[in-house]
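A.B. asks: Protein chains in written order, with the working numbering: chain A, 607 to 810; chain E, 4 to 345.
Warning: the hint list may mix true and false statements.
Quick list of in silico lysine-lysine cross-link-like pairs, DSS-like style, CA-CA up to 25 Å [unchecked claim]:
hint: 1; chain 1: A; residue 1: K789; chain 2: E; residue 2: K234
hint: 2; chain 1: E; residue 1: K67; chain 2: A; residue 2: K777
hint: 3; chain 1: E; residue 1: K234; chain 2: E; residue 2: K67
Computed far set for chain E versus chain A, every beta-carbon distance over 12 Å [what the hints assert, rightly or not]:
hint: 4; residue: T273
hint: 5; residue: M281
hint: 6; residue: I303
hint: 7; residue: D308
Calculated directly from the structure, the hints in this document are not laboratory data.
Each residue gets a CB set at the ideal place from its N, CA and C atoms; glycine is no exception.
Now for the letters of each chain:
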Amino acid sequence: MESVNDVKQALSARSRTATLDELRNEGRKRVRLIRAEHVASMITEAVNAAVEQSGLVDPEEVKKLVDKSRQEFRSILREREQEAQETNEAQEQLEARDREIAELKKRLEQMSGGKAGASVPVSGDLSAVLAKIEGSINDRLEKIGKKMGVSAAVESDTPVDFSGLFKEADKKLESNMENIEVKKTEGGGIAANLARLKKLKGGS
Amino acid sequence: MTKQDKKEHTETQVALGKGLDVGTANFAAAVQNEDGGITVTVERNAFLDIPSDVYSKNMLVKLKVPYVVHNNRLVVIGEAAFELANVFGRETRRPMRDGLISPNEQDALPMMKMIITKILGEPRVSGENCYFCVPAPSLDVDNNVDYHRGLFESVINKMGYRAHAVNEAHAVVFAELAEQDFTGIGLSFGGGMANACICYKSIPCLSFSVARGGDWIDKNVANVLGCPRSKATHIKERGIDIRDPKSREEEAVAIYYRSLINYVLQNIKTRFESGQNMPSFTTPIDIACAGGTSLVGGFIEVFRDEFAKIDFPLPVGRIFRSEEALTAVAKGCLVAAAIGES
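Looking at chain A on its own, in the form it has when it is part of the complex:
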């Protein structure tokens, strides 16, 4: 009954847990229940019935197809679970850092309310600690981002200037080009093209 377990896991991954009090607060007095085994059984029945009715697939092929689909399903499920785990870990790390920051802020407030002479050096230490924590959080977020395929790198808007590579082209060379006539041809105007383009762009 691996399929039942699969369905249970899928339902668990894609559903939320709510207490009876929470449901009551949402205005629900009665809820309808269904067992995961029944859902799995209904899916299997529906798929088998559809395949049999179609008459297009050999029963042996159906079995292979079902096995392959099951493998695929488990693979996707594993991926989703791993992603969810990574996200949870990241969330936990962030919450831990938030707690540390809150604790340190609290200590800072307590100290600044105490001896005035001692507050200056302690405050300086604390700023350094806060900066360190902030740096640590940023590093971790960047690592998580990289894992999830999100890069923190940004492209500059400034185009690459290649002009340094072409200094050779600026040399003055001996030539008779100035005295040579180049071939010229006359063509139809572009007024109509410009008028259409301006109209498209909302101009007059």
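Given chain A, put chain E in place with the hints provided.
C.D. replies: This is chain E only, laid out in the frame that chain A set:
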């Protein structure tokens, strides 16, 4: 633009902005003229070096053949280089390959700059817009379009213009599909590449290039016939009709033309089918072909033949070749430049 510049421009009454087609085979610069039309200056992007001596130099001067003295050699530039190469059975040197600056011809840059300066002329006002074409990233080769664009941006900016890059096939749409509100497919069959751009109301939805063009045809024709590539180019450009080849040489050209067209069409089809967020065209769209490689006789008929063989994923209306196929990209760049100036 300064007030003085604007005043001078008003006095001349010629719209500002210039378009430059930076092609593997040809450079073309387009500018609006006083008659309301456009003037396009074209020069071949090729050169040939010959030993430098007084006699040869005098001959070049007398014959008005453009040359540059570079590294103690005489370098003949442009169309004349191509003609001389054919006479002497030599290959021209080509600063660009597959639509981009060639890594094998780094020292060709001064010559290329000279050609651009000659055909583009001085800017009429400081910082006049010059839109130049760049190819789209290729499907079949790993190329560095950024370096290519940076190089020409640098050269054009140094001349006093404000350089802007525009996709080559997008320029074809600007030049040829105005009546269709710039909706359709623009194809530029150049020397080094074929570029494609599908636009909806002037906005490019999909653009790409394949590293096959006129040079690819020349290379293959030269291989099967056992002749220099410039000879193959000459055969291709002497006015043949690829629907009715008259010799073995013309037959070779026709075969490779058909193959090139089929390759481009198949790639458009595949790219469009696999593209995400593509617009769905409810009415048939037009296909405009341009570029020097499309100038050969029978091109558009063979294109239609090949198109009919494939199950194209879009409703297509008219398939046509630009009346000014060689200069359409430059014209499209000029449209972009003029809009940029307005």
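A.B. asks: For each hint, tell me whether it holds in the structure or not.
C.D. replies: Verification of the supplied hints:
1. A:K789 <-> E:K234: Given pair A:K789, E:K234 holds - Cα atoms ~23 Å apart, limit 25 Å.
2. E:K67 <-> A:K777: holds (23 Å)
3. E:K234 <-> E:K67: Measuring from Cα to Cα gives roughly 24 Å; hence the hint holds.
4. T273: The claim holds: E:T273 sits with its nearest Cβ about 27 Å from chain A, beyond 12 Å.
5. M281: The claim stands: E:M281 keeps its Cβ more than 12 Å from every Cβ of chain A (closest is about 20 Å).
6. I303: Holds, since 19 Å exceeds 12 Å.
7. D308: Given a closest Cβ separation of 28 Å, the condition holds.
Violated hints for the displayed structure: none, as all numbered hints are satisfied.
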